[in-house]
Amino acid sequence: MNMLRELYTQTIMDHYQRPRNRGALADADLEEHLLNPLCGDEVTVYANFRDGKATEVKFEGRGCSISQASASMMTERLLGKSHGEAEAEIEQFRAMMVGKEDFPETEDLAALKGVIQYPSRVKCATLAWTAFQKGLEQQEV
Amino acid sequence: MYDVNEIRKDFPILERRIGERRLIYLDNAATSQKPRQVLDALDEHYEAHNANIHRAVHRLAEEATAAYEASREKVASFLGAPDARGLIFTRGTTEAMNLVAYAWGRRSLREGDEVVLTEAEHHSNLVPWQLAAQATGARLRFIPIREDGTLDMEEAERLVGPQTKMIGCIHVSNVLGTINPVDELAELAHSVGALMLVDGAQSAPHIPLDLAALGCDFFACSGHKMVGPTGIGVLWGRPEMLEEMDPFLGGGEMIREVYPDHSTWNDLPYKFEAGTMSIAQAIGLGAAVDYLNGLGMESIWEHERRLGEYAYEKIREVEGITVYGPEKNRTGLVSFILPEVHPHDLSQILDQEGIAIRSGHHCAQPLMRRLGVTATARASFYLYNTEEEVDMLVGAVERSREFFGAFTS
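Here the protein sequences line up with chains A and B, keeping their order.
If you're matching positions, the first sequence starts at 107 in this note's numbering and goes up one per residue.
If you're matching positions, the second sequence starts at 1431 in this note's numbering and goes up one per residue.
Same shape as in the complex, but just chain A (with noise of 0.2 Å):
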């Protein structure tokens, strides 16, 4: 069970089971729904802008707890950030997912540090963070 510890830590199933911001929002600035192919898990982002900034990230969504948890994290992480914060946060998260960059050790985020070890859900981690990112595409063009 220590193995699984390591992967279901406190600080994951706290937002899995309590998540944060969660539930939708109607005429979001930004609005994308995401389905993981692999397991079906599915994910619904939603965010507002005022003056450049997040005032409100919200998800909905249907998964394990990996990328429910993960999408609590990242909807406390990208409120109050700009498109170009948001962008880059994103991209920092996609990093440190692969092992390419240090997980915030004082941070909620760093409880995903174990999942790097499980490939296969690497993208159960990954899903809100990646819609999040097509729902910025979506909203430069």
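In short, the hints are calculated from the structure, not lab data.
One thing to keep in mind: the hints can contain errors.
Residues of chain B placed beyond 12 Å of chain A at every Cβ, according to the derived structure [to be verified]:
(1) 1431
(2) 1437
(3) 1488
(4) 1492
(5) 1592
(6) 1617
(7) 1680
(8) 1691
(9) 1735
(10) 1748
(11) 1773
(12) 1774
(13) 1775
Covered stretches of chain A, as calculated for chain B (at least 3 residues, CB under 8 Å) [unchecked claim]:
(14) 109–119
(15) 130–136
(16) 162–170
(17) 217–230
In this text, a Cβ means the ideal position worked out from N, Cα and C, and glycines have one as well.
We have chain A; now place chain B onto it with these hints.
This is chain B only, laid out in the frame that chain A set:
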């Protein structure tokens, strides 16, 4: 009946350990493990007989061709196929279905025609027909499944009519384990002059088959799910239908005469076997069929039916669990969901105990939507699984509930 503990010794991989645990392999609907007899047949081919088939006149080519053609006869006889000329080797079930959807569908379907499938189809018997429908203007209709996972046959009778040209149905559901009444559907198809295609990927490995009695026009299955190698499967088709069809892939071996502007086609089954085939794998499939016949398909089916019933009952006892599919008339496959633990998390936790199950949509997204879920956990059994392994599974499922529950409190 055979002694399951004796035959387990035929499968080297069952000795494998995952960490400190003995492997418990319950993902047989995805692919089965291979006995020593099949592995030896592959080695023997490569070590002693390897050559390309059908064309050269040297000794090795004669031997390889004889072994390849002997496999065709074995598989045809195993399936109870009325005529081995209709037995075409393919890469697997998916390629076999595509062959029918392209070579028959593109030539025979017209605008206004209908292809009737079921809500329970694997993507491999759905997407090829979507492509064929787009190309021809034909329309797809779907026989609904009832709450218990069985086909709504009354609705099937209403859906099928003179506009129906093909009925396609999964013989055994890879998600629910339901055994579908494909013989009745074949009768229904023929009553309106339509053809019947059966996806046998999940039936051929488990149930004694007699295609002649089943009455279908096309039947597809995969070698790797029936203790054979990957990369080999078969399409059996009624020879008179295959004769009428266009070829699927063009190239070597499938031709008779080639001119710069046109060609004529080889006889069956070679018309549909273009290029160098998976020769060793076809020979390996012959060895797999020999192995299954050695145990006896009746015995295998009896073993799995009992194990499936045992597993279904045991898993249902887990508190709060939802088990999908009908109570009766099912194979050794159990799909389920624990409310507290997502299927992905469950399979990760079971993996720590050396237990391999599958989680996800099982390549049947329309069925998953019909069930109102995005993913299920699926344990699928085969001839070498034991009641003890089922008990280990159920114990591990219970422990995963406790593991996730511990965070809630």
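Hint by hint, here is what the structure shows:
Non-interface call for residue 1431 of chain B relative to chain A: holds, since the shortest CB-CB distance, roughly 38 Å, exceeds 12 Å. With 12 Å as the threshold on Cβ separation, the claim that residue 1437 of chain B sits away from chain A holds: the shortest Cβ distance comes to roughly 31 Å. Residue 1488 of chain B, annotated as away from the interface, keeps every beta carbon of chain A farther than 12 Å; the closest lies near 46 Å. No beta-carbon of chain A comes within 12 Å of the beta-carbon of residue 1492 of chain B; the shortest separation is about 45 Å.
The Cβ of residue 1592 of chain B sits about 37 Å from the closest Cβ of chain A, beyond the 12 Å cut-off, so the non-interface label holds. With a least CB separation of 35 Å from chain A, residue 1617 of chain B remains clear of the 12 Å interface cut-off, as annotated. With a cut of 12 Å on Cβ distances, residue 1680 of chain B stays outside the contact zone with chain A, its closest approach being about 31 Å. Against chain A, the non-interface label of residue 1691 of chain B holds: every CB pair exceeds 12 Å, the least being about 42 Å.
At roughly 29 Å from the closest C-beta of chain A, the C-beta of residue 1735 of chain B stays outside 12 Å, upholding its exclusion from the interface. Distance check for residue 1748 of chain B against chain A: the nearest CB is about 19 Å away, which clears 12 Å, and the non-interface claim stands. Look at residue 1773 of chain B: its CB is around 8 Å from the nearest CB on chain A, not clear of 12 Å, so calling it non-interface is violated. Not every Cβ of chain A is farther than 12 Å from the Cβ of residue 1774 of chain B; the closest lies at roughly 4 Å, contradicting the non-interface assignment.
Its closest Cβ contact with chain A, about 5 Å, brings residue 1775 of chain B to no more than 12 Å, contrary to its assignment away from the interface. Judged by the Cβ-Cβ criterion of 8 Å, the stretch 109–119 of chain A is covered by chain B as claimed, because 6 of its residues qualify and three suffice. Taking a C-beta to C-beta cut-off of 8 Å, the stretch 130–136 of chain A contributes 0 residues in contact with chain B, too few for the three needed, and the coverage statement is violated. Only residues whose beta carbon comes within less than 8 Å of a beta carbon in chain B count, and the stretch 162–170 of chain A has 3; three or more means the coverage holds.
Counting residues of the stretch 217–230 of chain A whose CB falls under 8 Å from any CB of chain B gives 3; the rule of at least 3 is met.
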